[in-house]
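There are 2 protein chains.
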Amino acid sequence: MRYSRQRALITHILKGRCDHPTADMIYESARELEPNISLGTVYRNLKLLADEGVIITLETEDKRLHYDGDVSRHSHFICNECGKIVDLFKPSKTPNEIEELGLTVTGEKCVYYGLCSSCGAK
Amino acid sequence: MRYSRQRALITHILKGRCDHPTADMIYESARELEPNISLGTVYRNLKLLADEGVIITLETEDKRLHYDGDVSRHSHFICNECGKIVDLFKPSKTPNEIEELGLTVTGEKCVYYGLCSSCGAK
DNA sequence: ATAATAACAGTAATCATTACTGATAACGAT
DNA sequence: ATCGTTATCAGTAATGATTACTGTTATTAT
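Here the protein sequences come in this chain order: A and B. For the first sequence, my numbering begins at 60 and goes up steadily by one. For the second sequence, my numbering begins at 60 and goes up steadily by one.
Since the hints were derived computationally from the structure, they do not count as laboratory data. Glycine included, each C-beta is placed from N, C-alpha and C at the ideal position. Accuracy of the hints is not assured; some may be wrong.
Restricting the straight-line Cα-Cα distance to at most 25 Å, the calculated cross-link-like pairs of lysine-lysine (DSS-like) are [stated by the list, open to error]:
#1 B/Lys168 - B/Lys143
#2 A/Lys74 - B/Lys168
#3 B/Lys143 - A/Lys106
#4 B/Lys74 - A/Lys168
Simulated DEER-style distance windows between Cβ atoms [as the list claims (entries may be wrong)]:
#5 B/Thr165 - A/Glu156: 22 to 28 Å
#6 B/Glu93 - A/Thr70: 47 to 53 Å
#7 B/Thr116 - A/Phe148: 23 to 29 Å
#8 A/Leu160 - B/Phe148: 25 to 31 Å
#9 B/Ser177 - A/Lys106: 29 to 35 Å
#10 A/Val130 - B/Glu158: 20 to 26 Å
#11 A/Asp78 - B/Asn95: 45 to 51 Å
#12 A/Asp78 - B/Glu158: 30 to 36 Å
#13 A/Val130 - B/Lys106: 28 to 34 Å
#14 B/Gly179 - A/Arg90: 34 to 40 Å
#15 A/Glu158 - B/Glu91: 44 to 50 Å
#16 A/Gly75 - B/Arg103: 40 to 46 Å
#17 A/Gly142 - B/Thr165: 27 to 33 Å
Given the sequences, and given the hints that come with them, work out the whole structure.
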């Protein structure tokens, strides 16, 4: 993977903020420093960076992919009302521990990734 | 919410299978018994049923929403290779316990839902 | 420096999902 | 039981996030 100013910028932006922006939000930020950057370039590099494990993706119910520059093991809380995404460090926080942060938990979705038995055998 | 034959069929199909079909797959199944059912009807009812809590949605990396008729608390395993979705009962299975099912776990994404402190105050 | 090609900007295409329209069916009130 | 209201329908068009394409530019190994 060659160096590119655009990819470095996208990485820098994402690592320097603690929210979970969409591609479009990152595009807006990037244009402040690189006015001619293309939205396609943002999408392409976000996908590359996610494939490389440099950043993380977050599928939400708003149908848009959110990106997270923090690749340490942690989970997320999403407000059903305003859609705000909150980082929950310590991955195995129990619902009770989460409530202590002022959050009301009504549900959870936990997905594990990896290889199933048939794909792992190959 | 009024009764409709189409909605009853969609519910029946989803409750009667243990995979995690997309709207399109449910549409195919539904057309076997209700050949004139519309794809829009399938989408509309799946959304209604999910809002009512009768079924559950699952956002995956294939960009399509998957539906689950099992609303009991459980988590999922998705194979990175073939995309197969496996139910993991007992929601708090540890990675080690999952490995015993023949699955190789390389990552997890855990999201909690509810109300944040500002939205909860209202 | 040059050649090979990854990456770019700009834009068109894709495709899952949602919205719209006129027709039909469920169901409470008469 | 029929009527009127309106939720729901079938069919189809529109939406919008993401991806693919095209000709150009920039990176890097030789």
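Hints, verified against the model:
In summary, the hint linking B/Lys168 to B/Lys143 is supported, as the alpha carbons are separated by about 16 Å, within the 25 Å threshold. Distance hint between A/Lys74 and B/Lys168 is fulfilled; the C-alpha atoms sit about 19 Å from each other, no more than 25 Å. Simply put, B/Lys143 and A/Lys106 have alpha-carbon atoms about 22 Å apart, close enough for the 25 Å limit, and the pair holds. For a cut-off of 25 Å, the pair hint linking B/Lys74 to A/Lys168 stands: about 19 Å separates their Cα positions.
Our hint of 22 to 28 Å for B/Thr165 and A/Glu156 holds, since their Cβ atoms are close to 26 Å apart. For the pair B/Glu93 and A/Thr70, the supplied restraint of 47 to 53 Å holds, since their beta-carbon distance comes to about 50 Å. As the Cβ distance of B/Thr116 to A/Phe148 is approximately 26 Å, the hint placing it in 23 to 29 Å holds. Distance hint check: the CB atoms of A/Leu160 and B/Phe148 are about 28 Å apart, consistent with the given range 25 to 31 Å.
Between B/Ser177 and A/Lys106 the C-beta distance comes to about 33 Å, which sits within the given range of 29 to 35 Å. Look at A/Val130 against B/Glu158: about 22 Å separates their beta carbons, and that is inside 20 to 26 Å. Checked against the hint of 45 to 51 Å, the pair A/Asp78 and B/Asn95 passes, with Cβ atoms roughly 46 Å apart. A beta carbon spacing of about 34 Å between A/Asp78 and B/Glu158 agrees with the range 30 to 36 Å that was offered as a hint.
A hinted range of 28 to 34 Å for the beta carbons of A/Val130 and B/Lys106 is consistent with their spacing of about 33 Å. Against the hinted window of 34 to 40 Å, the Cβ-Cβ separation of B/Gly179 and A/Arg90 comes to about 35 Å, which satisfies the hint. The hinted window of 44 to 50 Å between A/Glu158 and B/Glu91 holds, with their beta carbons roughly 46 Å apart. Remark: the range hint 40 to 46 Å for A/Gly75 to B/Arg103 is upheld by a beta-carbon distance near 42 Å.
Taking the beta carbon of each, A/Gly142 and B/Thr165 are about 28 Å apart, inside 27 to 33 Å as hinted.
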